[in-house]
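*Asks:* Protein chains in written order, with our numbering: chain A, 958 to 1066; chain B, 958 to 1066.
Some clues are possibly wrong.
As the list makes no split between identical chains, a pair holds if one copy fits it or if it spans any two.
The list that follows gives simulated cross-link-like pairs (lysine to aspartate or glutamate, EDC-like), each with its CA atoms no further than 20 Å apart [as the list claims (entries may be wrong)]: (1) LYS1022 <-> ASP1059; (2) LYS978 <-> GLU1020; (3) LYS1028 <-> ASP1057; (4) LYS994 <-> ASP1059; (5) LYS1049 <-> GLU1032; (6) LYS1022 <-> GLU972; (7) LYS1028 <-> GLU1006; (8) LYS1028 <-> GLU964; (9) LYS1049 <-> GLU1020; (10) LYS994 <-> ASP1057; (11) LYS962 <-> GLU1006; (12) LYS978 <-> ASP968; (13) LYS1022 <-> GLU1032; (14) LYS962 <-> ASP1002; (15) LYS1047 <-> GLU1032; (16) LYS962 <-> GLU1043; (17) LYS1049 <-> ASP1059.
Note that these hints are calculated values from the structure, not bench results.
Number of protein chains: 2
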Amino acid sequence: MGLTKTEMFSDLQNEIATLAKAFGHPARVAILQHLFKINSCVCGDLVNEIGLAQPTISQHLKELKNLGLIKGNVEGTSVCYCIDGENWVKMKEVMNQFLDQDISQDHCC
Amino acid sequence: MGLTKTEMFSDLQNEIATLAKAFGHPARVAILQHLFKINSCVCGDLVNEIGLAQPTISQHLKELKNLGLIKGNVEGTSVCYCIDGENWVKMKEVMNQFLDQDISQDHCC
DNA sequence: TTAATATATTGCAATATTACAATTAATGGT
DNA sequence: ACCATTAATTGTAATATTGCAATATATTAA
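Please construct the entire structure, taking both the sequences and the accompanying hints into account.
*Replies:* Here it is, written out as structure tokens:
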């Protein structure tokens, strides 16, 4: 169906899934890595840096912005994006809470 | 198109995206959380625990198994699943390398 | 105001994902 | 062998995602 039954899961489970989905596409991973590298924001340079068309990049940026992982600032005719440090830290806390669960002797398998 | 252009991205970027995608659905998050909690494996209990139909759970388990995040052992008529501790740690290293990038003063935004 | 530049939005085609009914396969018990 | 139980597979319908051409919007420069 393609329709995730979010109502069956806890808020935390849905939040983890939503955040993880943001990293579930290499273009968004590449965008974020570039924003970390070129700490002084970037905009349409991303279109050149990554090989995808402008509307495609714009769409990925929108998703990341909706999640609060990046911020965008209009500067003349271009828009400057950068990591939202505060929200990035919050995101990491959520993800680490999930990733750092204790692996108690995997007996059975 | 729904067709991710993986060839445009590095192996690491694609790996991060593939791993993240595994956590991009609350059912798989719930499955993994349950496997961590009930460290002594589980099988079709997951079908009861989570509310989805058996084939749906089976499909999610298959994805997690293909990525190596869980292991499955046949035990009579049932199959026992558990976290693959070794691969989980490897996955964490990859994800943390990405998540723990330095946030250098977000100037601009 | 007009032109140029940069980005966002819209619309659409193609592929991917999710979910499940129906079925099949595998194992154990009788 | 037969039945019951459990899990995997297959097939299919519905929704989601990705990507881009075309267009719209916004800002600056002339």
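*Asks:* So, for every hint listed, does it hold in this structure?
*Replies:* For each hint, the structure was consulted:
1. LYS1022 <-> ASP1059: The answer is between: 19 Å across copies meets 20 Å, while 32 Å in one copy does not.
2. LYS978 <-> GLU1020: both (10 Å within a copy, 15 Å between copies)
3. LYS1028 <-> ASP1057: between (28 Å within a copy, 18 Å between copies)
4. LYS994 <-> ASP1059: This pair counts as between: shortest inter-copy Cα distance 9 Å, intra-copy 32 Å.
5. LYS1049 <-> GLU1032: neither (29 Å within a copy, 37 Å between copies)
6. LYS1022 <-> GLU972: within (16 Å within a copy, 23 Å between copies)
7. LYS1028 <-> GLU1006: within (19 Å within a copy, 39 Å between copies)
8. LYS1028 <-> GLU964: Neither: 29 Å inside a chain and 28 Å across chains, both beyond 20 Å.
9. LYS1049 <-> GLU1020: The answer is within: 18 Å in one copy meets 20 Å, while 24 Å across copies does not.
10. LYS994 <-> ASP1057: Result: close only across copies, 13 Å inter versus 26 Å intra.
11. LYS962 <-> GLU1006: Result: close only across copies, 15 Å inter versus 36 Å intra.
12. LYS978 <-> ASP968: Close inside one copy (15 Å) and across copies (18 Å); limit 20 Å.
13. LYS1022 <-> GLU1032: within (17 Å within a copy, 47 Å between copies)
14. LYS962 <-> ASP1002: between (38 Å within a copy, 19 Å between copies)
15. LYS1047 <-> GLU1032: Neither: 27 Å inside a chain and 41 Å across chains, both beyond 20 Å.
16. LYS962 <-> GLU1043: neither (30 Å within a copy, 31 Å between copies)
17. LYS1049 <-> ASP1059: Both ways: LYS1049 and ASP1059 sit 17 Å apart in one copy and 12 Å across, limit 20 Å.
Hints 5, 8, 15 and 16, counting from the list given before, are not met by this structure.
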